[in-house]
Amino acid sequence: NAGVTQTPKFQVLKTGQSMTLQCAQDMNHNSMYWYRQDPGMGLRLIYYSASEGTTDKGEVPNGYNVSRLNKREFSLRLESAAPSQTSVYFCASSGTSDGASGYTFGSGTRLTVV
Amino acid sequence: SQKIEQNSEALNIQEGKTATLTCNYTNYSPAYLQWYRQDPGRGPVFLLLIRENEKEKRKERLKVTFDTTLKQSLFHITASQPADSATYLCALGGTGRRALTFGSGTRLQVQP
Chain A
67 NAGVTQTPKF QVLKTGQSMT LQCAQDMNHN SMYWYRQDPG MGLRLIYYSA
117 SEGTTDKGEV PNGYNVSRLN KREFSLRLES AAPSQTSVYF CASSGTSDGA
167 SGYTFGSGTR LTVV
Chain B
14 SQKIEQNSEA LNIQEGKTAT LTCNYTNYSP AYLQWYRQDP GRGPVFLLLI
64 RENEKEKRKE RLKVTFDTTL KQSLFHITAS QPADSATYLC ALGGTGRRAL
114 TFGSGTRLQV QP
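Residue numbers (this note's numbering), protein chains in the order written: chain A, 67 to 180; chain B, 14 to 125.
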């Protein structure tokens with residue numbers, strides 16, 4: 067099925083550990099995004115990539131890094147996890163640079179940092 | 014700073030009634046507004062887009078209005094069904110903006 071695939075679906079980390087969240091889309095979209103969702107705070111943009119080879123910081127980039135490996139894949143890395151990074155992480159893609167065509171989201175990664 | 018407000022309290026309505034959800038924003042001049050549906054444990058799903066020069070948009074049982082003077086969008090679901098129960102998010106965007114800005118969503122519960 068066409069869409070956005072995120073792995074893993076669940077993860078528990080100890081404080082200070084590192085991990086990479088994977089995201090891949092098969093819709094030939096140029097734009098890809100990483101958001102985190104916390105209760106009562108909505109979706110907040112971490113990083114985005116307007117096209118292959120480019121990445122930019124969003125609203126809450128501290129503690130994260132990203133890689134746009136190719137047109138399909140956009141990964142999010144936590145170098146030294148902190149409890150404040152406990153959240154649900156969503157990857158999304160869009161066929162237009164301004165997002166007007168709507169975003170397609172993955173099913174999310176639920177991360178707990180203890 | 015930019016702010017998007019959606020009612021954080023759940024909306025409970027009876028099956029068959031019209032559900033109306035509100036999205037208000039400040040310090041923002043969006044070129045368009047979008048509505049998404051999110052079910053528990055799932056990612057948001059795009060429903061509708063309305064542009065700043067459009068007053069109203071319809072799609073099946075859904076109707077969205079956009080008042081740029083009031084800085085408000087209303088999202089209506091007519092003849093609501095229990096299957097419509099979900100959280101609904103509004104999002105603002107436009108030319109030159111890096112990505113969509115989302116509200117925190119309103120949970121709708123349709124009672125049979």
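Read the hints as simulated data drawn from the structure, not as lab findings. Be careful, since some hints might not be right.
Said to hold, decoys possible - Label-pair distances were calculated between CB atoms; the ranges are:
#1 B/16 with A/123: 33 to 43 Å
#2 A/150 with B/53: 30 to 40 Å
#3 A/146 with B/92: 46 to 56 Å
#4 B/91 with A/74: 31 to 41 Å
#5 B/72 with A/123: 17 to 27 Å
#6 A/137 with B/58: 20 to 30 Å
#7 A/133 with B/24: 33 to 43 Å
#8 A/73 with B/42: 47 to 57 Å
#9 B/16 with A/93: 42 to 52 Å
#10 A/161 with B/69: 21 to 31 Å
#11 A/141 with B/35: 32 to 42 Å
#12 B/72 with A/84: 20 to 30 Å
#13 B/16 with A/122: 16 to 26 Å
#14 A/92 with B/22: 19 to 29 Å
Just so it is clear, the structure is predicted and the values come from calculations on it, not from any experiment. Just so it is clear, CB atoms sit at the ideal spot from N, CA and C, and this is done for glycine as well.
Status of the hints after comparison with the structure:
A C-beta distance of roughly 20 Å is found between residue 16 of chain B and residue 123 of chain A, which places it outside the suggested range of 33 to 43 Å. Between residue 150 of chain A and residue 53 of chain B the beta carbons are some 23 Å apart, a value that contradicts the proposed interval 30 to 40 Å. Checked against the given bound of 46 to 56 Å, the beta carbons of residue 146 of chain A and residue 92 of chain B, roughly 51 Å apart, stay inside it. At roughly 40 Å, the beta carbons of residue 91 of chain B and residue 74 of chain A sit within the given window of 31 to 41 Å.
In this structure the hint that residue 72 of chain B and residue 123 of chain A lie 17 to 27 Å apart at CB is violated, the actual value being about 34 Å. Under the hint 20 to 30 Å, the C-beta atoms of residue 137 of chain A and residue 58 of chain B, about 23 Å apart, fit the expected range. For residue 133 of chain A and residue 24 of chain B, the hinted distance range of 33 to 43 Å is satisfied, since their beta carbons lie about 40 Å from each other. Remark: the range hint 47 to 57 Å for residue 73 of chain A to residue 42 of chain B is contradicted by a beta-carbon distance near 38 Å.
Separation of residue 16 of chain B from residue 93 of chain A is about 31 Å and departs from the stated range, judged on CB atoms against 42 to 52 Å. A C-beta distance of roughly 25 Å is found between residue 161 of chain A and residue 69 of chain B, which places it inside the suggested range of 21 to 31 Å. Taking the beta carbon of each, residue 141 of chain A and residue 35 of chain B are about 37 Å apart, inside 32 to 42 Å as hinted. Distance hint check for residue 72 of chain B and residue 84 of chain A: the Cβ-Cβ separation is about 43 Å, which falls outside the suggested range of 20 to 30 Å.
Checked against the hint of 16 to 26 Å, the pair residue 16 of chain B and residue 122 of chain A passes, with Cβ atoms roughly 22 Å apart. Between residue 92 of chain A and residue 22 of chain B, the C-beta spacing of about 38 Å breaks the proposed range 19 to 29 Å.
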